[in-house]
Amino acid sequence: MPFDKTQPQTFGPCGYTVIRFVPKSPGTWMFHCHQLWHIIMGSNAVFYTSAHTIPPPPSNLMLCGEMTVEKVAQKLYGCSNTVYANVASTGSSPFAAAVLILLAHVARAK
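For the sequence shown, this note's numbering begins at 31 and goes up steadily by one.
Heads up, a few of these hints could be off.
[To be verified] Computed beta-carbon distance windows for the label pairs:
1. P86 with Q37: 37 to 43 Å
2. N74 with G42: 18 to 24 Å
3. R50 with N74: 15 to 21 Å
4. F51 with K105: 33 to 39 Å
Read the hints as simulated data drawn from the structure, not as lab findings.
Since we're looking at a predicted model, the values are computed, not measured.
Ideal Cβ positions, reconstructed from N, Cα and C, are used throughout, including at glycine.
Could you put together the complete structure from these sequences and hints?
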């Protein structure tokens, strides 16, 4: 049967398929099977391409230690400290606070 690169490749028991993988950008690439049982049995892999070719992060990238709900709200949505203080005073989790800030921004925009 001729090879068709647009179709999934299948093989029988104890069979194999040889592939050539040429990534267009550096990083991690998941190689996997779409059968859950095969994934559980380890029929997946991650290809990692050359680390020295990965570009440095952008200068404005927020790092985990710097990233707070307040800073994200101010940077992405222009929320004031008042809006954040009102949301934070509810005693909710950081995720819930972020969702509430987003909702406050959407409501304010309308």
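A quick look at each hint next to the structure:
1. Checking the proposed 37 to 43 Å range against P86 and Q37 shows it holds: the Cβ atoms sit about 39 Å from each other.
2. At roughly 19 Å, the beta-carbon separation of N74 and G42 lies within the given 18 to 24 Å, and the hint holds.
3. Restraint check, R50 to N74: a C-beta distance of roughly 18 Å satisfies the suggested window 15 to 21 Å.
4. Between F51 and K105 the CB atoms are about 37 Å apart, so this pair conforms to the stated range of 33 to 39 Å.
Checked against the numbered hints listed earlier, the structure breaks none of them; every hint is satisfied.
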